[in-house]
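*Asks:* Chains as they are written, first to last, in the working numbering: chain A, 1 to 284; chain B, 1 to 284; chain C, 1 to 284; chain D, 1 to 284.
Think of the hints as simulated: they come from the structure by calculation, not from any bench. Check before you lean on any hint, since a few could be wrong.
If chains are identical, the list can't say which one is meant, so a pair holds when it fits in one copy or spans any two.
[To be verified] Using 35 Å as the maximum straight-line C-alpha spacing, the simulated DSBU-like pairs for lysine-lysine come out as follows:
{"no.": "1", "residue 1": "Lys35", "residue 2": "Lys144"}
{"no.": "2", "residue 1": "Lys259", "residue 2": "Lys35"}
{"no.": "3", "residue 1": "Lys259", "residue 2": "Lys141"}
{"no.": "4", "residue 1": "Lys87", "residue 2": "Lys28"}
4 protein chains.
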Amino acid sequence: MDKNNTEQESYKLVSREYQRHNTQIAVKENIIGSKQFHVIAGPCAVESKGQLLETAWAVKEAGATLLRGGAFKPRSSPYSFQGLGEKGLKYLAEAREETGLPVVTEVMDVRDVELVASYVDIIQVGARNMQNFFLLREISKLDKPIILKRGQCATLKEWLMAAEYFLYGGNSKVILCERGIRTFEDYTRNTLDLSAVPALKNLSHLPVFVDPSHGTGKWELVAPMALAALAAGADGLLIEVHPNPENACSDGQQSLNLKNFALLMEDLRRLAPVLAREMVEQIE
Amino acid sequence: MDKNNTEQESYKLVSREYQRHNTQIAVKENIIGSKQFHVIAGPCAVESKGQLLETAWAVKEAGATLLRGGAFKPRSSPYSFQGLGEKGLKYLAEAREETGLPVVTEVMDVRDVELVASYVDIIQVGARNMQNFFLLREISKLDKPIILKRGQCATLKEWLMAAEYFLYGGNSKVILCERGIRTFEDYTRNTLDLSAVPALKNLSHLPVFVDPSHGTGKWELVAPMALAALAAGADGLLIEVHPNPENACSDGQQSLNLKNFALLMEDLRRLAPVLAREMVEQIE
Amino acid sequence: MDKNNTEQESYKLVSREYQRHNTQIAVKENIIGSKQFHVIAGPCAVESKGQLLETAWAVKEAGATLLRGGAFKPRSSPYSFQGLGEKGLKYLAEAREETGLPVVTEVMDVRDVELVASYVDIIQVGARNMQNFFLLREISKLDKPIILKRGQCATLKEWLMAAEYFLYGGNSKVILCERGIRTFEDYTRNTLDLSAVPALKNLSHLPVFVDPSHGTGKWELVAPMALAALAAGADGLLIEVHPNPENACSDGQQSLNLKNFALLMEDLRRLAPVLAREMVEQIE
Amino acid sequence: MDKNNTEQESYKLVSREYQRHNTQIAVKENIIGSKQFHVIAGPCAVESKGQLLETAWAVKEAGATLLRGGAFKPRSSPYSFQGLGEKGLKYLAEAREETGLPVVTEVMDVRDVELVASYVDIIQVGARNMQNFFLLREISKLDKPIILKRGQCATLKEWLMAAEYFLYGGNSKVILCERGIRTFEDYTRNTLDLSAVPALKNLSHLPVFVDPSHGTGKWELVAPMALAALAAGADGLLIEVHPNPENACSDGQQSLNLKNFALLMEDLRRLAPVLAREMVEQIE
């Protein structure tokens, strides 16, 4: 269960040995895991219809191909904002209607899996739930793409074993997302382990995304680490964007404002072709 | 959510400021959090009725006051033994009938909370679920003692905020259990942070237990660390014991056999009085 | 050089396989590594003759058998107090004259080894210099006991390989001292890894001490962790004591005042016999 | 001294507040810290004149602007290859004569500083010696560029305080080199913290290099992480290259062979201009 595992613990279906070619996952016109480089952007938490729509239109114009937003928020303290719940899901669905962007949100409660799945295009499993095995089993029954974030202190092997739960359960549309690990360094919120990207590309056939927002915890470090993730071979990014970060209900300090996000997208567009990647504009 | 929290995140009800006196929790004749020093012992996983009963009688004779055993096992790999499920719960209930020992087991699925609660005397939340907030909320509605294990990479503050979910939800019968944190050291499975014991005694009024089995991952280190936990001020221990560890379905390498457990209990009995602690024999 | 070493890297002379019996080191009448439990106490830094003497007499009366004090201080910042240098060594020698306590101090510069050795009874190598291999080689030529502190991020294997440099160089009077490792936890200054004590007892024949002052960074955690170290099987303790910690030039927050140190010594005297250890009073 | 420092500990001269413009360091025709992107390449250890010259010519042809090679090797075990010592320095000087590449090597012993300085163009301080303060002081007296590698468990603040020793001592030609930190992850030798690059660019005016060889410990991860370092804003790279890694005296598993190094240089040349960086060819 921990680092020094008994040999019985292992993974198979997610491994590169088991499947040589890269897994490609279609989300509407987008093919994740192909040469396309995708950016999933949006607020940490859905706070209001207005906030979500403003962000959705802005990130779409800037070139994001998917919209993210938290309806159920995992919060360390019971006194922190816990999210809008189903109302947040409704806003996400409406934002999709209006902008045409597929939407991604996190599910935390095994009892909410069906509900969340009925609203969104991609289900996210957060770092805290990477080893919530009953949640993994329930989600594995869905025919929907999954983003599996790396646990804060999960080894690559443990992460792949968690992903194995999905394929073992019948759902192979799994995207791995590096979001930083916990170390002694306290200047950054986490330590973004970009070497996980090429390492996972060797070990597994699953697409790999990077979340530089949680990975650094500081908005001013997000753009350089986003470019670095692209250069390291990531298939896409998950980025927190907020119309005005200083008033965000959560994670303001690590969210890009609309202008800085647009600048980052321009840099990514310049860099992608040199790395044999193409940025897709969202087609309506 | 991570180390560098926004100020809004905090805890209150679990703090020493909020309640000066130690919380004491009655489990049958036992008063956890009093001068009594309690040892919860048993196998990592309930494997069979025979294995559980043999262990139960042996740990009781040796002086353990509660019986532990896993019915639902969190396993990093889907290919590992996942536990006997409800059958395991039934065996635990039978072992209590026969030996009179109150029983402790872990619940992982929010949908199993009622079921598990109907069988056992203390509900355990494992390290992987310390921040499974919906599970915490569901358990907080019960009128049953809880053991909350520390997450593998949880700070003391995050651990106390997780415990706050229980008190905030109405259940104040919470026992904190240090079980080792993840570090760079790979000789031990985890690094047992015994300084958490006096630290938590300063920060909170809740009882603190220590699990040297998961904390070290090596049976030969369990006894010295168990004595150290008592000396550091812990209110009790959680120890994995198996009739023959080499054939255990899980965690054999960190389980004490019956003989070594009995020797440890003798040492604890010698040490306790010097530290103003008393070992209770289980009364039938 | 790092965690994943090539097999060529190893240790031999320090191992329990190479020498079954415990190494015992005589320092005047004291036999370190025997049944005796020794406490080395004193200020982090020698600040003045008065401060050192007051501390020396007080710790001796309380039962300490050796005096520690820093003359050369490793400081992260060039703007921090760097120690009194040779004047500090002179004060240590005078304190030994007056009190009869053997003295311990740290050497940092390979060019100071002879000088420091000419003043003190035990040479200390600090955590930052655990892998300062030229310093280790130079010290290995001395016929003087050594205290080798564990590096902040050294594995047990790396620590033993560092100790191997001394035995390989001809000096086998080596005492290992656990002083805490660096982890994500920031409530304590370091995470005191007490499991290192029984682990090292299995792996090596060298005496093992514990420094709960650096290991916790908080004076209020020092006493419980000192008792825990004794219970875990340590051969002794290294404790920072200061006449008035709030005015200390360094490490005030982790230093015991004279009264609290005396109380700790009483507790240790009560505990030792139960653990088959004897506390020696310093003989003049 | 550790994470929780007293306020007295700090840095000033290395900070961006103290000097707004980037420090630029001339090494022959090269200007480190300018728009130029420099690659320092060579074997972990100088093993023979032939091995060094073959590598030197190859990395020069591929576009490296400086040659690295270890003469004094810090080895965890006394039984590992310790380097050729002064003979290695002579080979480095000869390689410079023949190829015109400025050379870089590590100094470990304060007594060797003058000797090493007399042979090489840039002095390297390794991770293990980042807080070897007397060594830092001695080197600060030289009028020679320094590469200061990050300690395996050094925070950014501690790293900058170590660099402060050089500027405080009079030598401001300091290059910081991220080489990975120690974490729980054991798939890689260290965890390369690329977020340190933009973070240091905000905190300090010193040039920042990245060593993906030690940072990953696996040659197959070196190229993607080298590209990522460039994208993250690094001023250059330090890369281990060996004519046949499988027979290297040390670090073979993380060394690129000549062919793979040449391929990496081509990728860097394609990427640099997009990031407003220019790759310089070494001028003879």
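*Asks:* Each hint needs a verdict: does it hold in this structure or not?
*Replies:* Hints and how they fare:
1. Taking the closest pair of Cα atoms, Lys35 and Lys144 come within 35 Å of each other only inside a single copy of the chain (21 Å); across copies the shortest separation is 46 Å, beyond that limit.
2. Taking CA atoms no more than 35 Å apart as the test, Lys259 paired with Lys35 passes in both settings, with 27 Å inside one copy and 26 Å between copies.
3. Within a single copy, Lys259 and Lys141 get their C-alpha atoms no closer than 40 Å, and across copies no closer than 46 Å, so neither meets the 35 Å cut-off.
4. When the C-alpha separation of Lys87 and Lys28 is checked against a cutoff of 35 Å, the pair qualifies only within one copy, where the shortest distance is 24 Å, while the shortest distance between copies is 45 Å.
Of the hints listed earlier, the one the structure fails to meet is number 3.
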